[in-house]
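Chains as they are written, first to last, in the working numbering: chain A, 1 to 409; chain B, 1 to 409.
Hints are not guaranteed to be accurate.
Claimed, not checked - PhoX-like, lysine-lysine: derived pairs with alpha carbons at most 25 Å apart:
(1) B:K137 to A:K137
(2) A:K112 to A:K165
(3) A:K28 to A:K342
(4) A:K137 to B:K295
(5) B:K137 to A:K112
Unchecked claim - Which chain B residues face chain A? A few, computed with CB under 10 Å, are given here:
(6) G34
(7) T113
(8) A388
These are computed hints drawn from the structure, not numbers from a lab.
Ideal placement from N, C-alpha and C gives every residue a C-beta, glycine not left out.
There are 2 protein chains.
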Amino acid sequence: MTAATFDFAAQLRADAPPPAALWSGFPKYNFVGGHNAPESIETMTLVDAARTALGREAPTLAMYNVLSGPQGYLPLREFLAAKLNRQAGIECSTDEILITSGSLQAIELVNKTLLAPGDVVVAEQTNYGGCISRWAKAGVEVVTVPLDQDGMRMDALEETLERLKNAGTPPKYIYTIPTVHNPTATIMSLERRHRFLELAEKYGVPIFEDECYSDLVWSGERPPALFALDTTGRVIFCGSFSKSIGPALRVGYLVARWPFLSRAVAAKNDAGSGAIEQMVLAEYCPDHFDAHVEKLNGLLQTKLDILIEALNENFGTTVEFTRPPGGIFLWLRLPDDVDTTKLTETAAAAGIAINPGAEWSKDYPAGDRHIRVCYASATEKELREGIAALADVCHDTFGVPTRSANQQR
Amino acid sequence: MTAATFDFAAQLRADAPPPAALWSGFPKYNFVGGHNAPESIETMTLVDAARTALGREAPTLAMYNVLSGPQGYLPLREFLAAKLNRQAGIECSTDEILITSGSLQAIELVNKTLLAPGDVVVAEQTNYGGCISRWAKAGVEVVTVPLDQDGMRMDALEETLERLKNAGTPPKYIYTIPTVHNPTATIMSLERRHRFLELAEKYGVPIFEDECYSDLVWSGERPPALFALDTTGRVIFCGSFSKSIGPALRVGYLVARWPFLSRAVAAKNDAGSGAIEQMVLAEYCPDHFDAHVEKLNGLLQTKLDILIEALNENFGTTVEFTRPPGGIFLWLRLPDDVDTTKLTETAAAAGIAINPGAEWSKDYPAGDRHIRVCYASATEKELREGIAALADVCHDTFGVPTRSANQQR
Numbered sequence: 001m002t003a004a005t006f007d008f009a010a011q012l013r014a015d016a017p018p019p020a021a022l023w024s025g026f027p028k029y030n031f032v033g034g035h036n037a038p039e040s041i042e043t044m045t046l047v048d049a050a051r052t053a054l055g056r057e058a059p060t061l062a063m064y065n066v067l068s069g070p071q072g073y074l075p076l077r078e079f080l081a082a083k084l085n086r087q088a089g090i091e092c093s094t095d096e097i098l099i100t101s102g103s104l105q106a107i108e109l110v111n112k113t114l115l116a117p118g119d120v121v122v123a124e125q126t127n128y129g130g131c132i133s134r135w136a137k138a139g140v141e142v143v144t145v146p147l148d149q150d151g152m153r154m155d156a157l158e159e160t161l162e163r164l165k166n167a168g169t170p171p172k173y174i175y176t177i178p179t180v181h182n183p184t185a186t187i188m189s190l191e192r193r194h195r196f197l198e199l200a201e202k203y204g205v206p207i208f209e210d211e212c213y214s215d216l217v218w219s220g221e222r223p224p225a226l227f228a229l230d231t232t233g234r235v236i237f238c239g240s241f242s243k244s245i246g247p248a249l250r251v252g253y254l255v256a257r258w259p260f261l262s263r264a265v266a267a268k269n270d271a272g273s274g275a276i277e278q279m280v281l282a283e284y285c286p287d288h289f290d291a292h293v294e295k296l297n298g299l300l301q302t303k304l305d306i307l308i309e310a311l312n313e314n315f316g317t318t319v320e321f322t323r324p325p326g327g328i329f330l331w332l333r334l335p336d337d338v339d340t341t342k343l344t345e346t347a348a349a350a351g352i353a354i355n356p357g358a359e360w361s362k363d364y365p366a367g368d369r370h371i372r373v374c375y376a377s378a379t380e381k382e383l384r385e386g387i388a389a390l391a392d393v394c395h396d397t398f399g400v401p402t403r404s405a406n407q408q409r
Numbered sequence: 001m002t003a004a005t006f007d008f009a010a011q012l013r014a015d016a017p018p019p020a021a022l023w024s025g026f027p028k029y030n031f032v033g034g035h036n037a038p039e040s041i042e043t044m045t046l047v048d049a050a051r052t053a054l055g056r057e058a059p060t061l062a063m064y065n066v067l068s069g070p071q072g073y074l075p076l077r078e079f080l081a082a083k084l085n086r087q088a089g090i091e092c093s094t095d096e097i098l099i100t101s102g103s104l105q106a107i108e109l110v111n112k113t114l115l116a117p118g119d120v121v122v123a124e125q126t127n128y129g130g131c132i133s134r135w136a137k138a139g140v141e142v143v144t145v146p147l148d149q150d151g152m153r154m155d156a157l158e159e160t161l162e163r164l165k166n167a168g169t170p171p172k173y174i175y176t177i178p179t180v181h182n183p184t185a186t187i188m189s190l191e192r193r194h195r196f197l198e199l200a201e202k203y204g205v206p207i208f209e210d211e212c213y214s215d216l217v218w219s220g221e222r223p224p225a226l227f228a229l230d231t232t233g234r235v236i237f238c239g240s241f242s243k244s245i246g247p248a249l250r251v252g253y254l255v256a257r258w259p260f261l262s263r264a265v266a267a268k269n270d271a272g273s274g275a276i277e278q279m280v281l282a283e284y285c286p287d288h289f290d291a292h293v294e295k296l297n298g299l300l301q302t303k304l305d306i307l308i309e310a311l312n313e314n315f316g317t318t319v320e321f322t323r324p325p326g327g328i329f330l331w332l333r334l335p336d337d338v339d340t341t342k343l344t345e346t347a348a349a350a351g352i353a354i355n356p357g358a359e360w361s362k363d364y365p366a367g368d369r370h371i372r373v374c375y376a377s378a379t380e381k382e383l384r385e386g387i388a389a390l391a392d393v394c395h396d397t398f399g400v401p402t403r404s405a406n407q408q409r
């Protein structure tokens with residue numbers, strides 16, 4: 001690089017984030033970040049879709065938003081309206097869908113439309129790290145509600161909403177990942193979904209339903225979305241192709257009734273999301289999406305089983321977890337004396353990337369005992385070697401596990 | 001759409017923009033928005049590029065940012081480093097390039113990194129409307145500098161910088177579009193570029209150089225970029241494929257030395273820009289970009305000549321303009337009694353979309369006498385009919401032009 005003598009320090013915003021480090025490649029054992037399984041990608045089918053879509057539509061790339069307007073490529077919205085109806089019970093028109101650059105942009109648009117510093121949101125106690133960091137940056141207070149194997153606990157939600165009402169600080173929304181929760185992978189029961197909507201109505205609160213992982217349910221069956229069960233228009237819904245096809249596409253979607261969606265469309269001032277991805281997906285999905293997801297779910301379960309075997313072999317009873325009913329991650333609990341923030345650091349030095357619990361809940365202190373392990377992109381070999389290497393690091397740092405592969409360490 | 005009874009009014013941020021209207025298609029005569037020429041798109045060459053790129057790279061779509069890290073697809077950065085060197089005289093490495101979702105995101109990242117409410121920026125007097133609205137929203141004061149046929153006037157810039165220095169309000173940056181300025185299409189002379197850098201150095205100010213249109217120069221020759229002439233690292237540079245290939249791609253780029261670029265990379269928290277567009281461009285551009293741009297420039301000049309003919313025929317001496325040396329728009333001056341904000345409204349009602357001068361300068365009041373006419377996407381027929389229709393509307397509203405097509409009206 002050329003020498004640069006100009007000092008930008010005096011020009012930076014006071015709250016500018018620290019500089020990024022130059023990217024140096026993925027770690028050897030990469031168990032973070034929501035990557036997907038490269039072997040699941042159907043290259044030739046995608047190539048065919050690209051050929052067909054571009055062969056027909058390429059000249060429209062000369063126009064902002066091709067010929068579909070700011071809500072995104074119409075054939076993709078048509079696929080989504082049908083898919084959401086078939087799989088999540090949602091009835092919506094293409095006018096109630098906004099294509100976004102990943103579901104992250106959907107989250108940004110909702111926050112930009114609703115949240116000001118000092119506002120309150122309610123969320124599950126463990127929770128998507130990307131939301132936690134954005135709420136913090138926006139100066140928003142997060143009040144959390146515990147969850148169990150059936151999802152967010154409705155008794156605790158009711159108490160929380162009552163308390164916030166009495167304090168005069170009603171939440172701007174309740175954020176939830178009801179179907180394959182991140183990081184616990186729980187699926188909220190139908191009964192709780194109905195109760196959730198009753199409580200939201202009673203307290204006059206919108207719900208922000210994040211369904212990024214809901215295609216990845218092993219049984220292939222899932223309860224209807226909260227959006228589907230709602231009759232009031234209070235549910236804002238987002239989803240993504242990142243987990244079902246691939247995150248490098250950056251194609252997500254926001255679904256809401258027009259009184260809210262019209263605000264999100266106004267807030268989306270990026271002159272549109274990339275059109276070729278939208279065209280390729282719109283061409284590929286009608287004939288291939290369901291079969292692709294079924295195949296992907298099979299691959300993911302195989303990887304999950306390998307991960308669980310590797311954990312049993314290398315950690316034995318030192319880790320606790322429940323086999324998830326879907327998704328791409330496993331949420332593990334380590335013993336009380338394992339500081340997972342420190343473990344994450346020592347593991348990183350050994351080429352193993354994991355998420356520490358502290359990143360996944362604003363209530364969990366640095367030094368919490370949970371970790372999140374994403375298993376979708378690793379090979380069988382990487383899973384087995386990486387978990388063995390993680391057990392070595394953990395033992396070297398904290399003295400546990402004391403036994404691995406039936407051998408005393 | 002389903003009835004939605006929930007009222008979001010109480011939940012909205014106080015400064016939420018008004019709701020969007022449902023998109024109802026492009027106007028019949030569409031002379032706004034920076035669209036490009038659909039007939040310039042080389043469909044089969046793009047299809048081939050997509051087939052080759054996806055055939056090789058599709059499995060990497062399963063990984064965030066494919067295998068290139070957060071700065072964007074490496075082969076595209078390699079093309080850009082070579083192109084910027086060849087055409088703009090820029091020497092930079094691939095590590096000094098950040099691929100963005102259109103140059104709009106590049107602008108957002110620069111602003112997010114540098115600008116806080118109350119800050120000052122300096123810019124050319126007439127200026128990109130997308131920047132003007134973003135500065136206003138960010139609470140930033142814009143101090144403008146007049147420009148002439150050689151670009152921003154350096155005597156006026158020096159006075160401005162001196163005045164701001166004495167007032168204790170030095171600008172965070174000087175924003176400029178030196179090569180095919182928006183909206184005047186002027187190209188800053190080499191002499192002024194050198195002087196510009198001297199002044200920026202003297203007053204310790206960064207320069208933000210927007211080169212979105214710089215591929216579209218009829219002569220094929222352009223002065224070196226300010227970035228290329230600078231030796232201090234104070235110039236931040238952005239460009240785009242929107243005007244050279246198509247805006248629906250949403251692929252732009254930010255170029256800066258690492259002390260600044262590392263901040264912009266940190267600010268880009270969208271988990272990457274769409275990978276398929278980047279792959280298709282990286283495959284297409286090395287062999288086809290230059291020839292495509294040459295052909296496009298030929299097409300654009302033909303359209304420009306048709307526009308000028310239509311203006312001469314329908315407006316005669318009622319409009320004043322200079323034939324631009326490049327770009328996709330013509331900046332017109334109408335007589336003193338033509339309020340172009342009102343003209344824009346009456347034209348819109350007749351299916352003719354134009355940009356009024358008031359959108360293109362924070363110094364120009366509503367009712368200014370300039371309009372910007374984009375001619376890239378319209379057909380010959382649309383240009384001729386649309387300008388005739390605009391003359392009708394203008395005559396009906398303001399009584400001018402009094403002669404069209406050699407006939408008294």
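Structure-based check of each hint:
Only pairs whose Cα atoms come within 25 Å are accepted, and B:K137 paired with A:K137 is accepted, the gap being roughly 19 Å. For the hint pairing A:K112 with A:K165, the CA-to-CA distance comes to about 23 Å; that is within 25 Å, so the pair holds. A C-alpha spacing of about 19 Å is found between A:K28 and A:K342, which places the hinted pair at or below 25 Å, so the restraint holds. Simply put, A:K137 and B:K295 have alpha-carbon atoms about 47 Å apart, too far for the 25 Å limit, and the pair is violated.
Taken as a hint, the B:K137 and A:K112 pair is honoured in the structure, with Cα atoms around 13 Å apart against an allowance of 25 Å. Interface restraint check: B:G34 against chain A, minimum CB-CB distance 7 Å, threshold 10 Å, status holds. Taken as an interface hint, B:T113 checks out: its beta carbon lies about 5 Å from the nearest beta carbon of chain A, inside 10 Å. Look at B:A388: its Cβ only gets to about 23 Å from chain A, farther than 10 Å, so that hint breaks.
Hints 4 and 8 from the earlier list are contradicted by this structure; the remaining hints agree with it.
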